[in-house]
Amino acid sequence: MGILLKENMRVLVQGITGKEGQKATQAMIDYGTNVVGGVRPGKGGEEILGLPVFNTVAEAKEALGQIDITTIYVPPFAAKQAIMEAIDAGIPIINTIIERIPIQDTAYFLAAAKEKGIQLIGPSSLGFITPGVGRIGVVGGQQVEDIFTPGSVGIISRSGGMTNELSWQVRKAGLGQSTAVHVGGDLLMGTTYADLLALFEKDEQTKAVIIFGEHGGSYEFDIVEMMNKKLFTKPLAIYIGGKFANVLPEGMNIGHAGAIVSRGQSAEEKEKALQDVGALIANTYDELVELVTPFV
Amino acid sequence: MNLYEHEGKQLYKKQGIAIPKAVLIYRGEDIALAYDDLVVERVVVKAQVLSGKRGKNNGILFCNNQKEVVAAVEQLFTAQINGQYVASVYVEEALDIATEAYLSITYDTKTNQPVLVFSQQGGVDIEDVADDHIERHALDIRQKDIDVDIPFANELWHCFLEEDARLVEINPLVKTKDGQWIAADAKIALDDDASFRHKEDWVHYESRTMMGRPPTEREIAVEAIDQGEKYYQGTAGKYIEMDGDIAILFSGGGASIANMDALIKQGLKPANYTEYSGNPPREKVHQLAKIVLSKPGLKGLWIAGGVANFTNVKETFQGIVDALDEVKPTYPIVVRRAGPFEKEGMQLMEDCAKRNNLTMQLFGKEMSMTESAKVLAEQVNATV
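The listed protein sequences correspond, in order, to chains A and B.
Per the numbering used here: the first sequence = residues 1 to 296.
Per the numbering used here: the second sequence = residues 1 to 384.
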């Protein structure tokens with residue numbers, strides 16, 4: 001049955017009247033997602049794509065009843081307010097595609113979401129898809145039927161484009177996906193690899209997981225810890241992109257703070273630590289599928 | 001954007017953090033006059049570069065008179081410090097140091113919150129200081145003040161918040177022999193994504209690069225593409241100029257990273273690193289492609305991206321075609337792309353190749369990006 005998304009979950013779209021919001025709403029409806037309404041301050045009472053529009057998330061909730069997931073399409077300078085509105089309304093799952101949110105704003109709403117036990121996927125997340133059940137956001141685009149089919153491979157990617165590309169490689173190999181999640185590429189992640197692996201571990205449909213990771217950050221070490229503690233026991237293949245970055249000066253690592261906060265976590269150490277706990281390391285992204293094929 | 005020491009210190013001063021008396025010197029300025037105006041005998045002459053480890057790479061020199069200062073500044077202007085271009089030189093009063101401490105605030109990805117790091121033992125070897133001599137204080141982004149007995153902790157916190165920094169660091173935080181705390185260095189990384197809140201202040205910062213050279217004309221030109229009102233509608237402003245001869249037009253951040261790795265594995269050398277994403281309009285891509293293709297001595301062009309979710313292949317390819325029509329390259333071009341309106345996009349490319357007699361190979365999702373790097377390598381090697 002995949003993770004995160006269940007049949008008939010009720011979905012709200014914040015920023016539904018904008019160009020990207022409308023496109024995403026249509027994409028979700030076309031794939032069978034149960035979109036129940038949208039929010040756009042000042043446009044309450046209007047209708048778009050046959051769906052009711054409300055001024056606030058609270059108004060939407062009052063009129064529509066239960067909302068399981070909200071997905072947010074507003075410009076970056078309006079992100080904090082829109083996301084805080086969803087958190088204050090207690091929507092249990094929040095997805096946001098918004099890129100270039102100031103990190104201070106992200107830290108603010110992530111702290112609030114954590115306190116309320118809300119699962120926030122993003123920022124900068126195109127969304128996620130459980131083939132045959134539905135999709136949140138525009139993952140798969142118009143070619144969703146060519147790329148996705150129900151199957152047993154779970155997919156996690158830091159990159160939106162690569163979420164789709166990996167899913168296609170899975171399909172091309174004659175396999176299908178359980179759920180594919182774009183976690184977003186920001187420094188601070190609302191939902192991490194480890195959070196999703198915990199869900200994939202419990203999901204019977206998922207037989208193996210592939211991950212497209214990127215250099216920088218220390219999130220891969222959470223995976224090592226999980227596998228060490230046997231909290232994740234299924235076959236896992238991972239590609240960490242960006243080895244070429246060695247030839248470039250490390251933009252983020254001025255000063256020593258990064259090195260002190262997360263000591264001893266270079267790309268090589270990441271790969272070695274992952275390998276030691278039994279993860280399969282891919283040299284190119286196309287290898288990911290080959291590595292898990294024997295297990296699915 | 002990473003700040004130079006002298007810029008960072010001004011932001012510290014604004015919050016009430018003590019900084020030494022100093023003067024900044026650019027190339028061509030009168031060094032002797034600047035030193036005399038400072039009216040301080042013993043000084044530290046410091047190269048202004050964006051990376052750390054200046055002290056260990058001869059970027060910091062100690063001088064006692066005008067003659068020494070002139071020689072030191074001139075020497076730094078001809079040097080590269082840890083592979084970095086020296087933009088300017090800072091001449092600062094030497095301190096009578098009793099102890100050197102370390103203080104910083106940055107984001108901790110374990111908690112998704114800021115963390116303050118303090119050590120009584122600071123200075124150049126901070127990364128070797130034992131863990132039990134380092135204090136870490138988890139902060140909450142929503143707190144106004146911090147209640148710790150660490151010099152300048154609150155001032156630094158206010159700087160971090162008000163300036164939208166991703167990192168603020170003072171190393172060393174010096175205690176002088178007469179018992180005063182003073183920031184002897186400053187490292188600040190500002191959050192580019194918060195630029196809309198600091199428009200008037202940040203526009204005054206000079207262009208900069210982490211490479212061992214000043215930013216190139218192409219890099220400066222590309223940076224301008226994503227500025228203006230619609231800055232967040234797709235990204236087309238990423239360009240790092242490199243030494244190779246293969247022009248790069250990648251779409252998608254993740255794909256670009258995987259593709260750079262694949263290109264280098266094939267033994268090819270990139271002329272640039274470039275990536276556009278998030279469905280940028282035709283005009284942005286056109287400007288970007290024009291600049292990418294303007295580099296002399298190119299031997300190949302690789303246009304590659306994954307199976308796009310929502311980036312319009314036709315619209316973005318139209319921008320590239322506009323540039324190809326103008327430049328009409330004679331070297332081999334390999335294209336690998338799929339996604340919305342891919343048929344129309346590929347048709348545009350094919351027509352463009354025909355009318356300009358280009359050597360172009362087009363691939364869709366039947367071939368992986370990695371495999372298309374091989375095709376490009378074969379083509380380029382056959383041409384040379």
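Hints were generated in silico from the structure; no laboratory data involved.
Backbone N, C-alpha and C define an ideal beta-carbon position, used for all residues, glycine too.
Among the hints, a few may not be true.
To be verified - DSBU-like, lysine-lysine: derived pairs with alpha carbons at most 30 Å apart:
#1 B:284 to A:19
#2 B:265 to A:272
#3 B:374 to A:19
#4 A:19 to B:265
Said to hold, decoys possible - From the derived model, a few chain A residues whose C-beta atoms are all more than 10 Å from chain B:
#5 114
#6 133
#7 139
#8 159
We went through each hint and held it up to the structure:
no., hint, in the structure
1, B:284 to A:19, "holds, 18 Å"
2, B:265 to A:272, "holds, 21 Å"
3, B:374 to A:19, "violated, 38 Å"
4, A:19 to B:265, "violated, 40 Å"
5, 114, "violated, 7 Å"
6, 133, "holds, 18 Å"
7, 139, "violated, 6 Å"
8, 159, "violated, 2 Å"
Checked against the numbered hints above, the structure violates hints 3, 4, 5, 7, 8; every other hint is satisfied.
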